[in-house]
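Here is what each chain is made of, one letter per residue.
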Amino acid sequence: MSAEPFKVWQCRTCGYIYDEEQGDLGEDLAPGTRWADIPAGWICPACGTPKSDFDMIEL
Amino acid sequence: MEVLGVPESDEPRMLKLTQELFGNADPDLNRSGKTITDAGEGVDSIQSVVMDFMMYFNAITEDRRAKPRDDLASLIANGKINGEPMGHLEAMSYYIIAATAGHDTTSSTTAGALWALAENPDQFAKVKADPSLISGLIEESIRWVTPVKHFMRTATADAELAGKKIAKGDWLFLSYPSGNRDETVFEDPFSFKVDRTPNKHIAFGYGAHICLGQHLARMEMRVLWEELLSRIDSVELDGTPTRMTANFVCGPKSVPIRFKMH
Numbered sequence: 000m001s002a003e004p005f006k007v008w009q010c011r012t013c014g015y016i017y018d019e020e021q022g023d024l025g026e027d028l029a030p031g032t033r034w035a036d037i038p039a040g041w042i043c044p045a046c047g048t049p050k051s052d053f054d055m056i057e058l
Numbered sequence: 000m001e002v003l004g005v006p007e008s009d010e011p012r013m014l015k016l017t018q019e020l021f022g023n024a025d026p027d028l029n030r031s032g033k034t035i036t037d038a039g040e041g042v043d044s045i046q047s048v049v050m051d052f053m054m055y056f057n058a059i060t061e062d063r064r065a066k067p068r069d070d071l072a073s074l075i076a077n078g079k080i081n082g083e084p085m086g087h088l089e090a091m092s093y094y095i096i097a098a099t100a101g102h103d104t105t106s107s108t109t110a111g112a113l114w115a116l117a118e119n120p121d122q123f124a125k126v127k128a129d130p131s132l133i134s135g136l137i138e139e140s141i142r143w144v145t146p147v148k149h150f151m152r153t154a155t156a157d158a159e160l161a162g163k164k165i166a167k168g169d170w171l172f173l174s175y176p177s178g179n180r181d182e183t184v185f186e187d188p189f190s191f192k193v194d195r196t197p198n199k200h201i202a203f204g205y206g207a208h209i210c211l212g213q214h215l216a217r218m219e220m221r222v223l224w225e226e227l228l229s230r231i232d233s234v235e236l237d238g239t240p241t242r243m244t245a246n247f248v249c250g251p252k253s254v255p256i257r258f259k260m261h
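Sequences listed follow chains A and B, in order. Heads up: the first sequence begins at 0 in numbering that gives the first Met the number 0, then just goes up one per residue. Heads up: the second sequence begins at 0 in numbering that gives the first Met the number 0, then just goes up one per residue.
To be clear, the hints were calculated from the coordinates, so they are not data collected in a lab. Any given hint could be a false lead.
Unchecked claim - Taking lysine-lysine and the DSS-like style, the derived pairs with C-alpha atoms no more than 30 Å apart in a straight line are:
{"id": "1", "chain 1": "B", "residue 1": "Lys-199", "chain 2": "A", "residue 2": "Lys-6"}
{"id": "2", "chain 1": "B", "residue 1": "Lys-33", "chain 2": "B", "residue 2": "Lys-127"}
{"id": "3", "chain 1": "A", "residue 1": "Lys-50", "chain 2": "B", "residue 2": "Lys-66"}
{"id": "4", "chain 1": "B", "residue 1": "Lys-167", "chain 2": "B", "residue 2": "Lys-15"}
{"id": "5", "chain 1": "B", "residue 1": "Lys-148", "chain 2": "B", "residue 2": "Lys-164"}
{"id": "6", "chain 1": "B", "residue 1": "Lys-15", "chain 2": "B", "residue 2": "Lys-33"}
{"id": "7", "chain 1": "A", "residue 1": "Lys-50", "chain 2": "B", "residue 2": "Lys-33"}
{"id": "8", "chain 1": "B", "residue 1": "Lys-163", "chain 2": "B", "residue 2": "Lys-79"}
{"id": "9", "chain 1": "B", "residue 1": "Lys-252", "chain 2": "B", "residue 2": "Lys-15"}
{"id": "10", "chain 1": "A", "residue 1": "Lys-50", "chain 2": "B", "residue 2": "Lys-167"}
{"id": "11", "chain 1": "B", "residue 1": "Lys-66", "chain 2": "B", "residue 2": "Lys-148"}
{"id": "12", "chain 1": "B", "residue 1": "Lys-199", "chain 2": "B", "residue 2": "Lys-33"}
Said to hold, decoys possible - Distance windows between CB atoms, simulated:
{"id": "13", "chain 1": "A", "residue 1": "Met-55", "chain 2": "B", "residue 2": "Arg-180", "range": "47 to 53 Å"}
{"id": "14", "chain 1": "B", "residue 1": "Gly-32", "chain 2": "A", "residue 2": "Asp-54", "range": "49 to 55 Å"}
{"id": "15", "chain 1": "A", "residue 1": "Phe-5", "chain 2": "B", "residue 2": "Ser-131", "range": "32 to 38 Å"}
{"id": "16", "chain 1": "A", "residue 1": "Ile-56", "chain 2": "B", "residue 2": "Asp-43", "range": "44 to 50 Å"}
{"id": "17", "chain 1": "A", "residue 1": "Ile-56", "chain 2": "B", "residue 2": "Met-260", "range": "23 to 29 Å"}
{"id": "18", "chain 1": "A", "residue 1": "Asp-18", "chain 2": "B", "residue 2": "Ser-8", "range": "36 to 42 Å"}
{"id": "19", "chain 1": "A", "residue 1": "Asp-18", "chain 2": "B", "residue 2": "Pro-84", "range": "36 to 42 Å"}
{"id": "20", "chain 1": "A", "residue 1": "Asp-54", "chain 2": "B", "residue 2": "Arg-68", "range": "48 to 54 Å"}
{"id": "21", "chain 1": "B", "residue 1": "Ser-106", "chain 2": "A", "residue 2": "Lys-6", "range": "33 to 39 Å"}
What the hints assert, rightly or not - Some chain B residues near chain A, calculated using beta-carbon distances under 7 Å:
{"id": "22", "residue": "Gly-212"}
{"id": "23", "residue": "His-214"}
{"id": "24", "residue": "Arg-217"}
Because the structure is a prediction, the values reported are computed rather than measured. Quick reminder that beta carbons are idealized off the backbone N, C-alpha and C, glycines included.
Work out the full structure, taking the sequences as your base and the hints as a guide.
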């Protein structure tokens, strides 16, 4: 387990939030899955926006 | 409405116009109070409501161009596309969609959720016992009610979907209630389950035009359910609910309930 704090990423199109700590079971992304470990071809489950169009945010 | 720039005193007017627009086919809600069977009469009725919206927002536009404020109306009134002022029809369309889409849909969903909870006491008990399921209740309510029933789209290229050929230029009727009960996506789709996981419904649409207000809608419902579920002990139907007669944006028209609160 990395000691680096978990980060949160948000889709620029629709506002969907990916929280590394929570993961997204609907996307088969287990809690703790790091953003860097999500395949580059992954798209926003809510609107289809590419992974490259997400921004890291602070909550 | 405050975000849009409509003063609180005009909120009843916005609600009335919205119900007349979306309830155009329903004699209890439309402007004539009659059942409309003639297509031309239906279009005229809709246009008269849209004209009233336009007159209202024309005045808002003039006001915000003269005195911009910190609201959405000021952004629309002074918005530019490629350096040119936004077109009148485009601006009016933004005003009208923001004024109509954000309240009737949410109230339909909460009414439909209460109806479903009254008919499924096990689900009511489950979310009462575990408030962390409120998120699930909200998503399931949105799937269950699907207040926006359809949009039309035009194919921009030839395609094949589930064995059906679609030709460029074809019109497509996107039936969201049907998609949200797709047996190949949802297990037991005709059951209301507050703990449904995953719940990848399409009630807000999908893609670049996904619902702009989806997060606001979820937040409004969260506030309601957090407050209500902590105080309500029981809920059951006290009559037969009715639905709006409509095929675009609609939901329950009345949901008579009997309830206990503390």
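Comparing the hints with the structure gives:
Distance check on the hinted pair: Lys-199 of chain B and Lys-6 of chain A sit about 23 Å apart at the alpha-carbon level, within 30 Å; holds. A C-alpha spacing of about 42 Å is found between Lys-33 of chain B and Lys-127 of chain B, which places the hinted pair above 30 Å, so the restraint is violated. Restraint check: the Cα-Cα separation between Lys-50 of chain A and Lys-66 of chain B comes to about 40 Å, which exceeds 30 Å; the hinted pair is violated. For the hint pairing Lys-167 of chain B with Lys-15 of chain B, the CA-to-CA distance comes to about 39 Å; that exceeds 30 Å, so the pair is violated.
At roughly 23 Å between alpha-carbon atoms, Lys-148 of chain B and Lys-164 of chain B fall within 30 Å of each other, so this suggested pair holds. Between the alpha carbons of Lys-15 of chain B and Lys-33 of chain B the distance comes to roughly 16 Å, so the proposed pair stays at or under 30 Å and holds. At roughly 51 Å between alpha-carbon atoms, Lys-50 of chain A and Lys-33 of chain B are farther apart than 30 Å, so this suggested pair is violated. Straight-line distance between C-alpha atoms of Lys-163 of chain B and Lys-79 of chain B comes to about 41 Å, which puts the hinted pair past the 30 Å bound.
The suggested pairing of Lys-252 of chain B with Lys-15 of chain B holds, with an alpha-carbon distance near 14 Å, which does not exceed 30 Å. Taking the CA atoms of Lys-50 of chain A and Lys-167 of chain B, the gap is about 29 Å. The hint holds against a cut of 30 Å. For the hint pairing Lys-66 of chain B with Lys-148 of chain B, the CA-to-CA distance comes to about 38 Å; that exceeds 30 Å, so the pair is violated. As the CA atoms of Lys-199 of chain B and Lys-33 of chain B are separated by approximately 39 Å, the hinted pair breaks the 30 Å bound.
At roughly 36 Å, the beta-carbon separation of Met-55 of chain A and Arg-180 of chain B lies outside the given 47 to 53 Å, and the hint is violated. The hint said 49 to 55 Å for the Cβ distance between Gly-32 of chain B and Asp-54 of chain A, and at roughly 50 Å that hint holds. Restraint check, Phe-5 of chain A to Ser-131 of chain B: a C-beta distance of roughly 19 Å breaks the suggested window 32 to 38 Å. Distance hint check: the CB atoms of Ile-56 of chain A and Asp-43 of chain B are about 48 Å apart, consistent with the given range 44 to 50 Å.
Checked against the given bound of 23 to 29 Å, the beta carbons of Ile-56 of chain A and Met-260 of chain B, roughly 39 Å apart, lie outside it. For the pair Asp-18 of chain A and Ser-8 of chain B, the beta carbons lie near 41 Å from each other, so the given range of 36 to 42 Å is met. Our hint of 36 to 42 Å for Asp-18 of chain A and Pro-84 of chain B holds, since their Cβ atoms are close to 40 Å apart. The hint said 48 to 54 Å for the Cβ distance between Asp-54 of chain A and Arg-68 of chain B, and at roughly 28 Å that hint is violated.
For the hinted restraint 33 to 39 Å between Ser-106 of chain B and Lys-6 of chain A, the CB-CB distance of approximately 36 Å keeps it satisfied. The interface hint given for Gly-212 of chain B is violated, since its Cβ lies 10 Å from the closest Cβ of chain A, which is over the 7 Å cut-off. At a threshold of 7 Å, the smallest CB-CB gap from His-214 of chain B to chain A is about 5 Å, leaving the interface hint in force. Below 7 Å, beta-carbon pairs count as interface contacts, and Arg-217 of chain B has none with chain A, the closest being about 10 Å; its hint is therefore violated.
Comparing the model with each earlier hint shows violations of hints 2, 3, 4, 7, 8, 11, 12, 13, 15, 17, 20, 22 and 24; every other hint is respected.
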